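Enquirer: Listed in order, the protein sequences are those of chains A and B. By the count of this note's numbering, the first sequence reaches residue 322 at its end, each step adding exactly one. By the count of this note's numbering, the second sequence reaches residue 661 at its end, each step adding exactly one.
Incorrect hints may have been included.
Stretch-level coverage of chain A by chain B, calculated; a stretch enters the list once three of its residues show a Cβ under 8 Å from a Cβ in chain B [said to hold, decoys possible]:
id	region
1	118-132
2	155-163
3	277-288
Everything labelled a hint here was simulated from the structure, so no lab data went into it. For clarity, every value in this text was computed on a predicted model and none was experimentally measured. Using N, Cα and C, we set each Cβ at its ideal position, and we do this for glycine too.
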Amino acid sequence: MITLNNLSKSYGSFKAVNDISLQVPTGGIFAFLGVNGAGKTTTIRMITGILKPSSGSIYLGGYDLLADPIRAKAITGYIPDRPNLYPKLTGREFLNFMCDLYRVPGKQAEKRIDEVLEEYSLTQWQDELIESYSHGMKQRLATCAALVHDPRVLIVDEPMVGLDPHGARNLKEAFKRYAKAGVTIFLSTHSLNVAEELADNLAIIHKGSILTTGTLDDIRELTGKHDEGLEHMFLELTSPSVEH
Amino acid sequence: MSIIPVLLQPRLLTIKNRWFKSGNRGFREFFAAIISVVMMYGIYTSTLSTLRDAKGLFPGVTIDPTIPLGIMLGTLFLMIFLSAAVSAIGALFLAKDLDLIGATPVSTGAFLFAKTCEVGISVSWMVCLFAFPALLAFGAFYDANIAYMIIAPLLCVAFFAVAVSLGMITAIIFASLIPSEKGRPLFLSLFLLSFAGFLAFMNGLTWSHPSLPQDPAHHLARLTSIALNPWLPSTRCAQGITGLMRGDSAAPLWAALESVAILSLLSIATVVAFTRLYDRGLSRTQQTGNLFKIHSRAAHKLSRILLPFSNSSTRAIITKEYKVFSRDLTHTVQLALLLGLTFLYLYNYQLLQGPTNVSADVLAIWNIFLLLTNIALGSLVVTSICSRFVFPSVSLEGQSFWLLQVAPLSIRDVLKAKCKSWTLPVSCIGGVIFISGAMALNADIPLVLASCVAGIIICQGLVGLGIGLGAFFSQFEWEHSTQISTSLGSFIFMMTSMIVLSLNMVPLGCMFGAYLLFPEIQSAQSQVLLVLGVGLLITYALNKGVYWWALSTGARALQPK
């Protein structure tokens, strides 16, 4: 569902992302792990079309993002790490705006907005301006906005930032449900427990390059740490003393 | 007081980093700065040549520099006052750094002074770029000495500081008296009331004027008469500068003392108002809430009815633009103040009436001049509206711009939707200005209609230019939204608009000239249609070209990189 081919992004002589290739299968959660500054957000910004790759290609649902961005973006939802939304719109107006941008037909949009607002406990706040929302509520509204057009691909950057324990638990459950329903979720995080709990497949990026990719068991096999958790393996793989 | 440079440091460092550490953007800013210098030189040379041409046209007549200087300073004072009032609301009450500074051990006085400097610099630098070359041109024309070249700009700075101080105190009082959710209706009501009072006051002034001889030069004198009342600070400052030009030391000294005295009084009043009212104003502006309950579902259905022919993504952007605009207090204040300026302009313009005791040829040329002036001045009013609302439109997306970047529509479509949002309101305002101006001149009905159509066509070009250059010079990280309209990009937009307006004058001048100078054309309806049609068609092609060029430039600048 998501294919990255030899993707690179350079800023002058600095290579933020260096020739990465990934295949993310349909319907499942793919965790994209890395320390701060590893290149996670740059990769995500390229997949969502905010940044243009220096080289390589990106396919979302079979559509080439660079050649056919409109179709590729139409099947994608994006939840950023910082929910910068329009503060002067109400929650419902904002979701209507998103439905119109993604061309969801009128009645279907109204029904879908009611559903996501209910699912993320925002129904009673729907007619309030977003500027009056708490950070967690904004994060939940951003999630609603990413889901309101029923995307086939969901790109998520640090999803648990700003959520209280209840919100975080609900979101994790929701991700599992969406994945089961066939949505492909590309989850960038440095919360290893989240990745360990949710991911079917994962990749670790370090200094712009992919260190390893596969299931948790594949990585255990690769590192020879059969009884260790993800945290231990991750720290070992990304340790400054290890030459890559 | 040593804390003040510290408080101003982030702004200065931001500008420095934008220039030297932002790659292409830095180059773009540098390029814009070069253009600004070229334009300053252009203002200097064009002012000088205009003064020389005027002397050639009216040989033997001594033009008193107090008249043009008084008008210029009065207009600039108004501009700075309006900008300062709006910027002060942003800087004192809505800026993102308030929490950070509020938590530090900074005294109230230092905070106020630093913010005043910030507002003052941001709203007056552009005005100084316009004013100083013109002042120097006056000096060169009247053979002023070197002291004039140094002291005249300083006199202006003191005069502009008065406007900034007045804007600061207005903002503090306004924010503390009116809760943010009630700001819009209350402010608009107050504005309408004061406008009615202003009209009554101005009527009184006009009636008291002696009747003037009926020739073109004196018509211009009548136009300027309001700006030259001796009690106006701008007239006093202009008299000071004129005195300086003539080597008289008393007049500039009095003007400087007057400005400093007013500034001192206003500064004391600002400190008192700030000490007593700031906390109240801050809590009021931070309140969130709606005067009217928002029924989001009904509003959305209404937008579908009102915009039936737009596709859904265009409709989404247009609806969002109007909602965000109408809920932002600073926008409302700016709109009301700009509408005030528009009314002031129209009121002044109606003083121009056709002269009666001149030959038909002179009358025709005079009318061509007036019709073109109507379009040019009206377009300048529209340009100033565009620089406040249309140019910042892309930057105002701010950190929410990612929503449009990840959505399934092209950047060009986003810009086109923004143009559609602004074309209607700007054309309506422009249409009213152009029709009113042409009717005030007692022009023939075909010319009134042609002026209106030409004005609306120009409005479309200006809106496209505003959105396109707004995208090209976009800055999504701002402390408060009012910063955008006082940026270098905004200055370039205004300068480019003036070039576009000058280009428009060519086909329109030919059109009005053909109609007014050849009476046989007026007698045949088909020829009238042909002349006006061709003129308007060329104007349309010109503005469409500007629209497409600006949109392409803006879209290229916003493409993912």
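Enquirer: Decide, hint by hint, whether the structure agrees.
Expert: A quick look at each hint next to the structure:
1. 118-132: Our answer is that it holds, as 5 residues pass the Cβ test (under 8 Å) against chain B, meeting three.
2. 155-163: holds (count 5)
3. 277-288: Violated, because only 0 residues of the region 277-288 of chain A bring their Cβ atoms closer than 8 Å to Cβ atoms of chain B.
Violated hints amount to a single one, hint 3; each of the other numbered hints is respected by the structure.
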